[in-house]
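Respectively, the protein sequence lines represent chains S and U. Everything in the first sequence is counted per this note's numbering, starting at 1 for the first residue and increasing by one. Everything in the second sequence is counted per this note's numbering, starting at 1 for the first residue and increasing by one.
Any given hint could turn out to be false.
[Stated by the list, open to error] Cross-link-like lysine to aspartate or glutamate pairs, in silico, EDC-like; alpha carbons within 16 Å at most:
#1 U:Lys138 <-> S:Glu313
#2 S:Lys322 <-> U:Glu332
#3 U:Lys322 <-> S:Asp60
#4 U:Lys322 <-> S:Glu108
#5 S:Lys322 <-> U:Asp60
#6 S:Lys138 <-> U:Glu313
#7 S:Lys119 <-> S:Glu142
#8 U:Lys291 <-> U:Asp351
#9 S:Lys297 <-> S:Glu286
#10 U:Lys138 <-> S:Glu286
#11 S:Lys138 <-> U:Glu332
#12 S:Lys168 <-> S:Glu108
None of these hints come from the bench; they were simulated from the model. Since the model is a prediction, treat every value here as computed from it, not as a measurement.
Number of protein chains: 2
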Amino acid sequence: MIKRTKTRKIYIGSVAIGGGAPISVQSMTNTDTRDVQATLEQIKRVADAGCDIIRCAVPDEKAAKCLCEICEASPLPVIADIHFRGELALLSLDADIKGLRINPGNLENPEDIARIAEKAGDKNVPIRVGVNAGSLSKKWREEIHQGTCTVEEAMVESALVHVRLLEKQGFELIKIALKSSHVPTTIQAYRLMANRCDYPFHVGITEAGTPRIGIVKSCVGIGALLSEGLGDTLRVSLTADPEQEVFVGINILQSLGLREQGTEIISCPMCGRMEINLLPLVEKVEQHLAKETIPIKVAVMGCIVNGPGEAREADVGIAGGKGSGALFRGGEIVRSVPEEELFTALAAEIDKIIEEKKK
Amino acid sequence: MIKRTKTRKIYIGSVAIGGGAPISVQSMTNTDTRDVQATLEQIKRVADAGCDIIRCAVPDEKAAKCLCEICEASPLPVIADIHFRGELALLSLDADIKGLRINPGNLENPEDIARIAEKAGDKNVPIRVGVNAGSLSKKWREEIHQGTCTVEEAMVESALVHVRLLEKQGFELIKIALKSSHVPTTIQAYRLMANRCDYPFHVGITEAGTPRIGIVKSCVGIGALLSEGLGDTLRVSLTADPEQEVFVGINILQSLGLREQGTEIISCPMCGRMEINLLPLVEKVEQHLAKETIPIKVAVMGCIVNGPGEAREADVGIAGGKGSGALFRGGEIVRSVPEEELFTALAAEIDKIIEEKKK
């Protein structure tokens, strides 16, 4: 249903980005990259969580050298995250990295960029031009301060300077990110950039904070961009475990119909119309389906207003009544079930459907 | 920064909705409306959480009669939620309710609608025409089934039938909602309706589920609509306490710059570049600010890449280094602080700023 903006296609390892490819989910390790074992263990955990691409910070030469071992054993394509020093990008390219990220705010020397473009081009490794509002270079901060451009314009122009430098070397395996911790600034920056080029976009809200507020900011910002058709790969940035970033990223895509749902539970907010005790029932169903990978849609509804309708659209569902519930399957009422047996009856139907789907 | 779509203005009690008024946050009680005391206690809790408008289910005559006492003592304007039976709307209008919600999917008799419009008009009480995809009437379900219209079109047309019936009675204090548990369906329905009328919109994702997934769906859906300029009042529907709905609703508005921030904490996702232990520090700052109402922006950043930039934009902040951090205030480095003293130093600066702002 979402009409995605047409972009060019690049590949991070075997993961296609842009050109209509499925939107991929990225995360970043927060282990010390120089601790190869801890980093690889974390990469395996985020891979299990469903992550498509992982990025590692490269703060120094030792970290760059450790990338060789990390890339060799990583189940996910690895992107090297470079700031300040171009030679760290060149060194990282000696490892089997599948992508580079450079920051125009702190890597400005055109000769450095030219050298990086040449080596990345030889190795067919795409480069993300990743601008952060928090690390714009002095030139752009001054322009903003003087009022000659907005933050969003500075972000876009700053990225385009790098894009032109890369193109000058004949390098076009480019991806662009324009992140701010302020959601409307981020949205506006990507909207402006969409009118200026057709490179794929990596979208996200940077420094979104702890899960409590960071999930809201990320979902609002990334959700708004995706619903406008902007974004080819995403990262949710949270002050939390990277696995949690991945879960939220996948949930954003699923909620917009941009990735297949695994299990889906529809449940109502329990108003004064409800005559059964819904919350423990929903929690039990959630637990029952926690490890399930077969796509199944279950509706757990408190009353007859939207209950039958939602339960009809689901594979299986219940709609609560007075001390009992109606069990629905494939749009039909199967039977009425006393409240105390609702979970057992629903779980049995769920298991039956999953068995059938597996065949 | 968001350009809001121009709509007419109505009032729910003293809360303006539409016509450029601030976007209000609604919730719904999940107590039994016939239990006046429990309902009033819950209304007081959601009012304390920052809710602007509360809605109560009216499943029967007794609930309608209890509204008198509830409305008299409620700190928030009360909306009566009506399904199936028009006489419950008429009875509710005898109480001092400030709004009515009717559902075109289950209240279809034009004579009923005419009577409700007449009495609501006499009392100057606005009516929300609230369509849910889960409770579309048989006629529309059949049309969808036969492929003669999409779900979104059915939702819009179903609402417009009611709108025309109300207008026929000279009643125009109308608000519209078009909710589905499917996010893209909801977004598309509101987009279609925005081309058909200029009544204010109540936006939300219905039956979004438990907080884990419901927050993501609500933020993505409501965030996408608001970022397009659609939506004059909102409700986050969660299988959870109504207070939590209110917190998430307020956070959505704040993240889009549509409501003033109280305290704001910017914190980074802690990559392999970080050399201080950030998470406990962020958690302590969050706790320190938990009850604060003075607007203050604090940046807690792990490293020098975006650290100084974000800390500069904040009222106060730290950017981590090796075993220490730089304390920033109003864009200037105040001093370097050893890691073990970072929280104490930051908290002292925060308290100082809050004291100054209070004066």
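Quick rundown of the hints versus the structure:
1. U:Lys138 <-> S:Glu313: holds (14 Å)
2. S:Lys322 <-> U:Glu332: Given that 16 Å is the threshold and the Cα spacing comes to 64 Å, the pair is violated.
3. U:Lys322 <-> S:Asp60: holds (14 Å)
4. U:Lys322 <-> S:Glu108: The hint is violated at about 25 Å.
5. S:Lys322 <-> U:Asp60: Holds, at about 14 Å.
6. S:Lys138 <-> U:Glu313: Between lysine 138 of chain S and glutamate 313 of chain U the Cα gap is close to 14 Å, so the pair holds against 16 Å.
7. S:Lys119 <-> S:Glu142: It is violated: about 33 Å lies between the C-alpha atoms, which goes past 16 Å.
8. U:Lys291 <-> U:Asp351: holds (13 Å)
9. S:Lys297 <-> S:Glu286: holds (11 Å)
10. U:Lys138 <-> S:Glu286: This hinted pair is violated, its Cα atoms lying about 31 Å apart.
11. S:Lys138 <-> U:Glu332: At roughly 15 Å apart (the allowed maximum being 16 Å), glutamate 332 of chain U and lysine 138 of chain S satisfy the hint.
12. S:Lys168 <-> S:Glu108: holds (15 Å)
In this structure, the hints that do not hold are numbers 2, 4, 7, 10, in rising order.
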